[in-house]
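Build the complex: two chains, separate frames, hints provided.
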Amino acid sequence: MHWQAAPVPPKTFPESLVFDLEDVSYTYPGGSEALRGVSMSVAHGEKIALVGQNGSGKTTLAKILCGLISPTRGRIIFDGRPVVREELRHLRRQVGILFQDPDDHLFCQRLLDDVLFGPLNYGVPMDRALETADRMLELVGLKDQALKAPHHLSYGQRKRAALAAILACDPSVLILDEPTANLDAKNTEKLLEVLSGFSGTLLCISHDLLFLYELCRRAVVLQRGALHHDTDFDALIAHRPSLREHGLDFTFRFRCCMDSPAQDTPENPAAAHGHPASLRSTPEGCGASRTPLMELEDYSFRYADGTWGLRRLSFHVHEGERIALLGENGAGKSTLASVLVGIRSGFGTYRFRGEVVRGRLRKDLWRHVGIVFQDSMDQVVSSNVFDEVAFGLKHLGMKGADLRRRVHEALARVGLEGMENRVPHHLSGGEKKRLSLAAVLAMDPQVLILDEPTANLDPENEERLLKILDELRTTLILISHDLCFVSALTDRALVLHQGCLVEDVPTGQFLMDERLQSRYGVDVTYHHRCCRHVLAMQAQWP
Amino acid sequence: MTPIVVPWSWIVLGLGGVAGTVLITLGALGLRRRKRHGIESVPAADAEALGALPELDLSETASSVFHRWDPRFKIASLIIFSFVVVSLHFWPPLLLCLGLAAGASAAARTPLRRASRRLGAMSGFLLMLLIVMPVTVPFHEGDRLLLIDGLPILTLNLRGLELAARIATKAVVVALIMEPLLSTCPFSVTLAAVHRLGVPLVLCQMLLLMYRYVFVFRHEVQRMWVGMTVRGFRSRSGWETMASLGSFLGMLFVRSMERTQRVHEAMLCRGYTGAFPTTVRFDAAPRDWAWAAFWITAAGVAFILDRWGSVFRALSPIS
Chain E
1 MHWQAAPVPP
11 KTFPESLVFD
21 LEDVSYTYPG
31 GSEALRGVSM
41 SVAHGEKIAL
51 VGQNGSGKTT
61 LAKILCGLIS
71 PTRGRIIFDG
81 RPVVREELRH
91 LRRQVGILFQ
101 DPDDHLFCQR
111 LLDDVLFGPL
121 NYGVPMDRAL
131 ETADRMLELV
141 GLKDQALKAP
151 HHLSYGQRKR
161 AALAAILACD
171 PSVLILDEPT
181 ANLDAKNTEK
191 LLEVLSGFSG
201 TLLCISHDLL
211 FLYELCRRAV
221 VLQRGALHHD
231 TDFDALIAHR
241 PSLREHGLDF
251 TFRFRCCMDS
261 PAQDTPENPA
271 AAHGHPASLR
281 STPEGCGASR
291 TPLMELEDYS
301 FRYADGTWGL
311 RRLSFHVHEG
321 ERIALLGENG
331 AGKSTLASVL
341 VGIRSGFGTY
351 RFRGEVVRGR
361 LRKDLWRHVG
371 IVFQDSMDQV
381 VSSNVFDEVA
391 FGLKHLGMKG
401 ADLRRRVHEA
411 LARVGLEGME
421 NRVPHHLSGG
431 EKKRLSLAAV
441 LAMDPQVLIL
451 DEPTANLDPE
461 NEERLLKILD
471 ELRTTLILIS
481 HDLCFVSALT
491 DRALVLHQGC
501 LVEDVPTGQF
511 LMDERLQSRY
521 GVDVTYHHRC
531 CRHVLAMQAQ
541 WP
Chain A
1001 MTPIVVPWSW
1011 IVLGLGGVAG
1021 TVLITLGALG
1031 LRRRKRHGIE
1041 SVPAADAEAL
1051 GALPELDLSE
1061 TASSVFHRWD
1071 PRFKIASLII
1081 FSFVVVSLHF
1091 WPPLLLCLGL
1101 AAGASAAART
1111 PLRRASRRLG
1121 AMSGFLLMLL
1131 IVMPVTVPFH
1141 EGDRLLLIDG
1151 LPILTLNLRG
1161 LELAARIATK
1171 AVVVALIMEP
1181 LLSTCPFSVT
1191 LAAVHRLGVP
1201 LVLCQMLLLM
1211 YRYVFVFRHE
1221 VQRMWVGMTV
1231 RGFRSRSGWE
1241 TMASLGSFLG
1251 MLFVRSMERT
1261 QRVHEAMLCR
1271 GYTGAFPTTV
1281 RFDAAPRDWA
1291 WAAFWITAAG
1301 VAFILDRWGS
1311 VFRALSPIS
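Protein chains in written order, with our numbering: chain E, 1 to 542; chain A, 1001 to 1319.
No wet-lab data here; the hints were simulated from the structure.
One should not assume that every hint holds.
Claimed, not checked - Computed footprint of chain E on chain A, listed as stretches where at least three residues anywhere in the stretch have a Cβ under 8 Å from a Cβ of chain E: (1) 1222-1228; (2) 1247-1259; (3) 1264-1270.
Claimed, not checked - 20 Å max Cα-Cα, derived EDC-like pairs, lysine to aspartate or glutamate: (4) K399/E <-> D444/E; (5) K63/E <-> E1258/A; (6) K394/E <-> E1240/A; (7) K63/E <-> E1265/A; (8) K190/E <-> D144/E.
Said to hold, decoys possible - So the derived list for chain E, only partly shown, Cβ under 7 Å to chain A, looks like this: (9) D104; (10) Q109; (11) D113; (12) L116; (13) G118; (14) W366; (15) D378; (16) V381.
Keep in mind the model is a prediction, meaning the values are calculated, not measured.
Virtual Cβ for every residue (Gly too), placed ideally from N, Cα, C.
Bound conformation, chain A alone (with noise of 0.2 Å):
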């Protein structure tokens, strides 16, 4: 086991660049979003965040070889490949996914922006566990350290650091997959196609509702948060914060439940009887089962791959 050393000043300098950048693109980003769309005040922001709920389809009507799929096909064969990438052991395979994973992405044609976005969400867990896994996965024969000149008591796995990286690999195809999956086709049409694929019907319809008034609820959220933020309530770790928010959310329990009954009621009154009425077909042809076996494939190429790991062995960049 011969340990890599590197100076101190080598981390100092990577670490201020990539702090650097990162104030440099927010800083950015700020300047953009204050040119474009003015910006909000902090009690704005803070209601915000609180409500801040990304939808999951568009209400767009793009087209896209995804947009025509069968969604029970494209369900089913997503989650066996997004399932199959999760095993993955080597970076070959885990890297043939990413592709494939991006390219479908760009082919969906849902904004970036939206992907973006949802990386974005990931990338602080993420970002924690290539910071900390390198320090906490226990050395095995065979691993290379690293170690900081002059800062003995730190001492940094590379395996944990690869491994921690292969994670995140599989985390971003995963993401990835999601936006042909879920952003292209309504949400409701999704679950129709969920529940053909054996899921039980009450679960579908209780992410349906909870889909429907999520947004609902988000609204009175930042209502009652303005309402007390003008009265110049601001979060703070008192005991006075503790008990007014603690109103809070006795005060949206009781008007969610309260719109609970009244939706109950209104659905009654319109014949509800325990089901939502289909309003979706499916009609399987012939190019979503080709699609479907070109996913599961690709899937099962990937998984072959990887079981035959003795080979990528050698050709992994750290082992």
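Only chain E is shown next, with the shape it has when bound in the complex (with noise of 0.2 Å):
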């Protein structure tokens, strides 16, 4: 089976339809087109996954499902009448939306309150809308934390809590987008079980796949807002050369698999696509006898209300290494980044290259280390690509010529050569990523430190991104809960657990020690067990 580049004839279902879309097209105010003639039904309970690269419409789709844009061209039908401004209440009520922030959703002073704002708009009475408040608090495992602010909440929670707040409402349809993006792998896990006993119709937009491969019955792809396939979900997945030619191919991914203990699946496709982390090579001459680049003793770090960020850490990071922070959400990863790149300083020694890191030289740190934030845009402070990528080498001190040439340089590394001058606000999310990639790459620094690279992006852009990371030889610190990324980036994992070091060991000693990932919030048993289904999936396609 494979699919032309050419839009399909929508499936045709006997059961009553919730949506039929004709010939929907969107043209936003500035002219371009997210949408051009998609025609589709959903059915009622239908599980699917609207998936296709950053910028193919989907999240358009799934605002015009929802009623808060109205299509330029094109009908939609609700529940069997067409959707018109009179309709528009009714459809919202049946139809609930996840955004991916989820401080969207999470407008009131108290968690309580904001899963009661729906039930009590659409009239539910004061007692039932507190029973259905309880119910979904519960569902969500946030009942304790009901008269909480939604700002004293990890983001992890908040995802949950609103989720429940959209729940609340009783919605037939629930449409979410990119659920999944930042969370742990306990979250994740969380989030898929209440969704699973969700019986109404579900859209779930989301780039990974894995996620939606359980949850998921049927995929919908768009391209450059066309519908391109239609079909079933497995089947989509099953077939590499259609998910290359979609930009959805994650089968890279499988490195990660490979490693795990319970690996069954007797032809390994992706054998020949990477190398396992457990034969990564360790850099040469990085051994005990030479000054270590980085060194941390007994070192805290304490918050302002008191909470511990990092306690008694003591581990050091030599030159060319490349090591993985791993821990669940609020582990205190980002925190420990944030103090070898000297933001932050707490109690304890902290060593560059040798000298303790205080006064002028943690000041100057920034010159020998960087970070990348998991948030692309936490860093664009620039109006176009040229000035976003020079901020950091002015600051360096550097002009003229010898800029333009860096810069220059930067943007090839990471593929963006000849959009120098494009406003950073309009490149799509992926672009967005290696933009902040290469304005701290033209800096040159010693060690480069990668707050969670993944969130937000397509398979073709997370693969782009590891091919641009993996060719890197710098001192390498990633952070993140992706465990592909971690397995073919790095050769030594440090696993944190509420601000402690629990673990120092070899990238693949932790891979194939599902023991040592569960107990630290970082089991991934779920995601072994989709590759290997997928992989037995592509297996058997001639």
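Laid out in structure tokens, this is it:
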């Protein structure tokens, strides 16, 4: 089976339809066309994966389906009635949408008020609304946090709270936009558990095809605003050429699976694709006899509110080493990164190249240690791509031809050459991520720290990023929940738990040890299981 | 008008003593903080300072008479009390109100740290008043002057000093009253009560959303500031700094606009039609009326005593 890059006719469903889209198009006020002639039907109770590359129109389609924007052309029929202005309230009552950022959904002062917001707006009596809110908070495991302000919850908790707030409206259709972005394995599995119990229609936009694997039965693929495929999800992921055609080939991720002890696939197509982590070569000359590049000794950090960020950490990093910082959300990984880059300092000794980091050295640490943040937009402060990459270089004192050369080199390194005059805000998610990487690489840091580099990237951009990072010869510290990147890029894993360093082991050993993974909330059994199933399915194709 | 002449050495000793005390206190606080929490490096301190934002309400479930008091009565009574305090002219009723405010702050059982942080935030302005007003208040008949020996060009008006002290005291009373007023129930309940007292709904909703998202905004500011700091940006006074700050503010504006739109969309999807649903029910009890009567009576007594000022004029320390 193979699909051609041409629109396919929508499937016909004998069951009653929730949505029927007829030739739906949408053009943004600026003139950019987000959707082109999308026609599809959604039956009651279907679980659909809405996939496609960054910028393919998935979020726009989701907004149209829940009545936030109206199509510029075409017709939408919901529950047998055309969606017109008068029907919007009914549509929104039935369709719930979970945006990427949970803070968009939590606008009240207490979690309970947020969950009550929907039911009360729809006229549910207070006692029943309270009952529903109680049930939903229990479902997502946040019953004891009901009276807390949203900004006092962790990211994973906020994501689950946002889902509870939407489920409390009792929608018959649930649309999720990148539900697993930035979530650790524990929170992802909790989310999956809640969604598995949802009996209504589900449309899930995600680049995490492994997350969608057990959840969705049907796949709708969008490309440049047009509907390209509408088929069984299993058939889509089993066929690599089609996945590759749409930038969705996530097979490169299976290398982490290959080291799993439970690996039972006879033929492994990913074998030729990468090298297992356990076989990564240790950098030459990297030994205990040399002065470490970075060294922490009995190091602790406590936040102003009294919470411990780090507790008595001791480890060292040699030049050229590639280290993964692992742990559940809130384990202290980002705090440690901010200490290493000199943003924060606590108790204990931090040495860089054998010299204690304090005073002038700490202020100048940015010259040696670069960091790429989880959200690329946190780093973007310039009005065009060139200035953005030049920002750090100018502070290094570079100017004129040298500056231009370094900017062009950095952009070429990440595949953004020719985009110098583009506005960073208008770039796609993958391009933004590469831009923020270029801005740091241009400064030629001795140590590069990456905080969740794969968040919100489609598989093609992930693979491209993986290739760029794999070619770097700098010391690398990777903070990630993505064990594929961890296995492909690092040779040593530091596991943090509640601010303490609990394991310092070779990455290969960590990946082999499921007991170790589950003990510290980095359990990826579900991912391994899915990988094995997908590998088996792909092996069956001629 | 007989001026009081103070030897300049007294002034030097006094100022030196104050400066020494302040330095020792700050040093001790810094050491204590370092010991308890660790210290922040310069860039982080910049970022933290940018986002320094106290919480108005407390999540802890403390219990006091102010926690149990109906917020509508509490807000109306304490605001009337605050206005009366601001209108006072004489020290005895002002000191009476100061005592009441301190007592209320203690009775509210809110952490002393919060009240002291609030007072600390005002202290700079108040100190400036205490320094500037004795020199700038015009001399009237009967004012007492203070001259520094050997420094004839500097004449201090003690009426200005007294005026500044009175303003500072009023500010302290109002700041202390804010603790039982704002910290003893959730901010959403406070605003629901404010709405019941006649403040337009739109204004209350805007305040609610602003208070919620100011914390999200603070995180964004901090992250972006750190993002610039780790690429070498330092706040200076040159054009480059101005250009970077301009881009920084522009980007913040764009991000805030986008978030506003997304939040509005999320609200629409959950049935929002222009008003937040009411989750708060108020039920006034005789106890609430009694407490309101107490505070309004206290304010009334202070006001009458103040207007009966000729008696106190003679008692006033500087007149």
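Any hints from earlier that this structure breaks? Give me their numbers in increasing order, please. Nothing - there is no hint that the structure violates, so all of them hold.
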